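Sequential numbering from 1 applies to the sequence shown in full-length UniProt numbering.
Errors might be hidden in some of the hints.
With a straight-line Cα cutoff of 35 Å, these simulated DSBU-like cross-link-like pairs (lysine-lysine) come out [stated by the list, open to error]:
1) Lys203 <-> Lys95
2) Lys115 <-> Lys47
3) Lys65 <-> Lys235
4) Lys24 <-> Lys40
5) Lys159 <-> Lys95
6) Lys40 <-> Lys159
Bear in mind the hints are in silico, worked out from the structure with no lab data behind them.
Remember, predicted model here, so these are calculated numbers, not experimental data.
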Amino acid sequence: MAAPTVQKQKSVKFLPPTRKSLWKLECQVVLLDNSLFVEKFESKSTKGEELFESVCRRLSLSHGKECCGLQFVDAVDGELTWLDLDRQIRSQRKKPYTFQFAVKFYPSDANTFPKEVQDLLVLQIKDSLIRGKLVTPINEHSALDGFFAQAVLGNFKPKVHTRGYLEDLLGSFYAPPNGINCDAEMSEDEYERMVYALHRSHKGMTEIEAKREFLAIAQNIAFYGLSLHRGATDKNGNPVVLAISSRGILVYDIDCFGVIGNVTEIFRWHEIVTMVYQNRKFYVVIYSEERHDGGSFSYRFHGHFGHRAAERMLQDALGHQSFHYKPEKDIIRRSKSFGEVDSHLTSIGKIERADQKYATLKGKSRSSGRSLKRFTDSLRRKMPRRQKSEPLPNSTVSFAD
């Protein structure tokens, strides 16, 4: 795959559909280099996979495309949502059919991904830095920009790279610290001189080497590769942030100002028995074969569209688990007589008074006793088989690394 060309482009202007294309399905996708890709389909029942494959062909992306996806803003609650590739596009969003191509699953080690994906990952990280999704110290911020300039512009040339060249040549991919993407304050002239010196010091470094150094720094940034889901509380009513990573699901506490604090729980993929959402609650059931204990945890999403947030959390978690966790052998199923799992399910299926108006979605009840019994039976089959000499699992869970 050829190296992405960075063009100076402050914003993307979406094209209005022409009269001849009104009977077709016209989709517009913003790529990671801020260019606009337009694709038209003869059938209005086109699925998301067809659009995604068209974008991958445009990018010459053949290997590693499973870690990318298409995002759009949900018209109902205004949250970013991943396009389901197995469903029709028109069933997931209304006109205009505009999407953002993005990296969906971040690797714990970027060097394990093909070069084509590494190129996209560099642009994705730059986009996250510019938007303030990742916050770095001033030294890390300038180091990233120095390697990015070397990767995109090549060796420093005094006659070409004069004052202001970073903004002129990198365009929207160059964003000095502004209080959103960095925890320090510095004038633009001072910061430009820092990046200027770093870019100059990287003379002789190839594009591949510069991008590897860029990714090595980025992987150590706080919240790198995390998919954050806000607006939830734990069983005690404490506000939390649920973060999905390559390791599993992390639960962070937050203060009264919404600042993310420490990790309170870690649910690793190999310990998760099942996940389910019901109304505005997201449930995760775990069992550890090493500790011979397990339990169920519930998190409630608040707001009028809490049920959509819970469903979005479940779909995101299932996608990450499928991508990152591939067990070498099938889990041994246990018999239905392992009745202690019922103690972890007593709360699932009960609808609180405040949630009753959200108890049905699309006319299908999500709280019937029959559905709960099917879920309980399927969960029993998923739990590991207990030997007769082993003690029963405890109801409490300890997550000591």
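CA of lysine 65 to CA of lysine 235, is that 35 Å or under?
violated, 38 Å
Pairwise hint evaluation, lysine 47 against lysine 115, where the allowed Cα distance is 35 Å at most
Between lysine 115 and lysine 47 the Cα gap is close to 28 Å, so the pair holds against 35 Å.
Measure nothing beyond the straight line between the CA atoms of lysine 203 and lysine 95; if it is 35 Å or shorter, mark the hint as holding.
Violated. Lysine 203 to lysine 95 sits at ~48 Å, over the 35 Å cutoff.
Verify the proposed pairing of lysine 24 with lysine 40, using a straight-line Cα cut of 35 Å.
holds, 7 Å
CA of lysine 159 to CA of lysine 95, is that 35 Å or under?
Answer violated: lysine 159 to lysine 95 is near 48 Å, above 35 Å.
Within a Cα-Cα threshold of 35 Å, do lysine 40 and lysine 159 meet the stated pairing?
violated, 45 Å
In this structure, the earlier hints numbered 1, 3, 5, 6 are contradicted, and the remaining ones agree with it.
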